[in-house]
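K.L.:
Sequence:
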Amino acid sequence: MSYTRRVRSLIFLDAGQQEQTVETLLGLFNSHTTPPLVFPNLHTIQWFDERQDMLPCLLRCLSPTVTVLSLNLGYKSWFRWSSTGIQGMATIMDSLARKTPSMDQFWCNVPPAFDAATEMFSELICGWTRLTNVGMPIPVNSRTLLHLASLSLRKLYITIPSAWGPAETAHSVSAWFPESLENLCISGPTFSSCARFMARLHAAPLSVNVRSEAPCRAHEVRELTKMLSTQLSHQRLQELCIQMAEPDNKGVPHLLELKDIEPLSRFTQLKVLNLNELYPGNLRDGDIHHLASAWPHLVRLFFGTRWESPVRPCVSVAGLQSVLTQCPMLETLCLPVNFHFSPDMIISAEQPYSGVVHTSLRHLNVGCGSCNEPKSTAALLSAMLPSMYLSYWKEYSEDEGETPLTDEESSRIAAWVEVQRLLGYDLDLDDI
165 MSYTRRVRSL IFLDAGQQEQ TVETLLGLFN SHTTPPLVFP NLHTIQWFDE RQDMLPCLLR
225 CLSPTVTVLS LNLGYKSWFR WSSTGIQGMA TIMDSLARKT PSMDQFWCNV PPAFDAATEM
285 FSELICGWTR LTNVGMPIPV NSRTLLHLAS LSLRKLYITI PSAWGPAETA HSVSAWFPES
345 LENLCISGPT FSSCARFMAR LHAAPLSVNV RSEAPCRAHE VRELTKMLST QLSHQRLQEL
405 CIQMAEPDNK GVPHLLELKD IEPLSRFTQL KVLNLNELYP GNLRDGDIHH LASAWPHLVR
465 LFFGTRWESP VRPCVSVAGL QSVLTQCPML ETLCLPVNFH FSPDMIISAE QPYSGVVHTS
525 LRHLNVGCGS CNEPKSTAAL LSAMLPSMYL SYWKEYSEDE GETPLTDEES SRIAAWVEVQ
585 RLLGYDLDLD DI
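Start counting the sequence shown at 165; every next residue gets the next number (my numbering).
Fair warning: there could be bad hints in the mix.
As the list claims (entries may be wrong) - Derived EDC-like pairs: lysine to aspartate or glutamate, alpha-carbon spacing no greater than 16 Å straight-line: (1) K423 x E377; (2) K319 x E283; (3) K558 x E472; (4) K558 x D571.
Said to hold, decoys possible - The calculated label-pair distances, taken between Cβ atoms and stated as ranges, are: (5) H461 x T185: 36 to 46 Å; (6) Y589 x S246: 55 to 65 Å; (7) T394 x D279: 21 to 31 Å.
It should be emphasised that the hints constitute simulated quantities derived from the structure, not laboratory data.
The C-beta atom is built at its ideal place from N, Cα and C for all residues, glycine as well.
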């Protein structure tokens, strides 16, 4: 097996892609004739097999030369892990830092069965001193968090287990991360749990992503944005993404007001802001003007066009023009906008357009916005945004058993199809 000494990178596929049975793989990796280290000069391991029976194979791959280890055991795994399997993983983790002293990047996601055993990862992290990229379940103790803050990390991805609660923060210390940290990602059951974890750290990353696995109400969004504003550098953050699951009941509690996201206006250096999975239903032109004035460097803004809105958008053409005026570098804008024209707004030879012209914008998504005059809307967009491609919310498929479109929804989509036709787009058959 001399070729195994030349292997530098290993990708161990998930069970669905394996051509060999568990018995065959165990016989190959875990035989008494197999060397203790199958690949003695391995540098990178990407492990996608979620079965606990495969742990002996993983153990035979952990060479001292490994610097990148990615364990994808499945956040929502189809395979059940027994207490014996979890203990087997804990045994591997217990000695992993000693076996791989040069670790530079460590990524690990685990199924919910591991929620009560995440301390194994905390203790493991403290054994490495050269880490630059880390993705793991939440550090359960202050010692681990302080150790992470002492490293020259570039990327930190944290997953908060559903069992984690506020008790862990009662006597926790705060950790100050150095400016080497460029990317911070936090994923948790709710925005409230993410905010509680954020209370433990201070950082100045360039990019932040926060995701809730459940739909969150407006007051939870407000709690999170206040915490982000308190714990992160206002002058350094350039990209911010806040995501949540789609609400089953798209009701009023999910609709945002200005106070819910106003704390984000302190991040004046933002270039990318993604709030596309939130609902800006209660925000009006004045609110949008207030927010946009704080973000003059924006290149991409996504706000509230990911899903169908439970209410009509309140932003009009005036609000859109305000964003365009205050964000001159904007290239992509996703914002629910209503194009409702009164007679004095209609563009004609006698009344040519004389408003803002934005040549940088390449893509405008109006979400669930509507228009009452397709011809006037097309004329305005052509004059105001000469380099722009227009899209809108139209996710619907009868094949998926969804509720049929109402007459109002069908009329709205038909109006935007007509606007696209007037703008000279080549339409798909599905759009007609």
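K.L.:
So, for every hint listed, does it hold in this structure?
P.N.:
Evaluation of the provided hints:
1. K423 x E377: Roughly 23 Å between the alpha carbons, so the hint for K423 and E377 is violated.
2. K319 x E283: violated (21 Å)
3. K558 x E472: holds (8 Å)
4. K558 x D571: Distance ~14 Å between K558 and D571 Cα, so the pair holds.
5. H461 x T185: 36 to 46 Å: violated (55 Å)
6. Y589 x S246: 55 to 65 Å: Given range 55 to 65 Å: holds, Cβ gap about 56 Å.
7. T394 x D279: 21 to 31 Å: holds (28 Å)
Checked against the numbered hints above, the structure violates hints 1, 2, 5; every other hint is satisfied.
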